[in-house]
Amino acid sequence: NAGVMQNPRHLVRRRGQEARLRCSPMKGHSHVYWYRQLPEEGLKFMVYLQKENIIDESGMPKERFSAEFPKEGPSILRIQQVVRGDSAAYFCASSPPGRGGQGEQFFGPGTRLTVL
Amino acid sequence: SQQGEEDPQALSIQEGENATMNCSYKTSINNLQWYRQNSGRGLVHLILIRSNEREKHSGRLRVTLDTSKKSSSLLITASRAADTASYFCATESGGSYIPTFGRGTSLIVHP
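Residue numbers (my numbering), protein chains in the order written: chain A, 58 to 173; chain L, 20 to 130.
One should not assume that every hint holds.
[Claimed, not checked] Some chain L residues close to chain A (C-beta under 7 Å, calculated; not the full set):
#1 Arg60
#2 Ala104
#3 Phe107
#4 Gly121
#5 Arg122
[Said to hold, decoys possible] Dumping the calculated DSSO-like pairs for lysine-lysine here, alpha-carbon to alpha-carbon at most 27 Å:
#6 Lys101(A) - Lys45(L)
#7 Lys108(A) - Lys88(L)
#8 Lys45(L) - Lys89(L)
#9 Lys89(L) - Lys75(L)
#10 Lys108(A) - Lys128(A)
#11 Lys84(A) - Lys101(A)
#12 Lys119(A) - Lys108(A)
#13 Lys89(L) - Lys101(A)
If you're looking for bench data, these hints aren't it; they were derived computationally from the structure. If you're wondering where the values come from, they're calculated on a predicted model, not measured in any experiment. Just so it is clear, CB atoms sit at the ideal spot from N, CA and C, and this is done for glycine as well.
Looking at chain L on its own, in the form it has when it is part of the complex:
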């Protein structure tokens, strides 16, 4: 079964609005990462948050992590049409060095 599950599966917004995606996971983690995938392309790493961190920022991205609820959120502020992509969370747990990916959230930003 998937370790990380993103919610919602799909999100459609207007340019300028904020987009929030959530990721829930089942077991304790070492870190959680968010990736973006444009259609027909490989994944691009966005941000990594460690289990002892609660919030991280990178440009228009804000990631939070709540280990008590086993969940993370990715907020994209002031969205642009170019943000249209699928967004995946990936978790690393225990001694595993292999990230486990969720099914992703498909984000469409309308110009």
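Chain A extracted, bound-state conformation:
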């Protein structure tokens, strides 16, 4: 049973470009969470999704950031017109249905975004 997969592992973008980060949850998991981690910091919650629904996006900036989790395919975190301050590690986590985020989350290896 493969774990949570994220790609790409490293992404370099110039200011103003778009960044697309992908996350495939563990098999059978229907809850996906995105977090951002700055160097020497803990994880900051961004958004919580279930299939085709955004449940909580309170941690996601209102502008330039969007997320989706379609019926088929991976969850996508999209950052438009990236700025240097977007440089960070972005982690995806998943949990099984019925857990509603309570308890253990399974994390992917992260995507390290560098904005030049």
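Since the structure of chain A is already known, use the hints to place chain L on it.
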């Protein structure tokens, strides 16, 4: 502001010694979890302790929870070089299903 704050920020010990990390939080919680993060990797869940529990063990890990002091500790006994990592506590409170992470304790175990 952070719900959970780990202490110390960094800890350096010799292999075989015990490592103790603490986590303090501000509001009442449903549960508290500890995660480990190796450099450049994602987080790995270590242990979850519920608000009505006081102590839990898992292998060389021992977690305590004192809800009156709003604090938890993670003890790693007989540490190994492979335990070198950052350790984070995460709390879930009220009706929130989103864990709130602290800044972490960076543990270095010297062989």
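Which earlier hints can't be squared with this structure?
-> 2, 7
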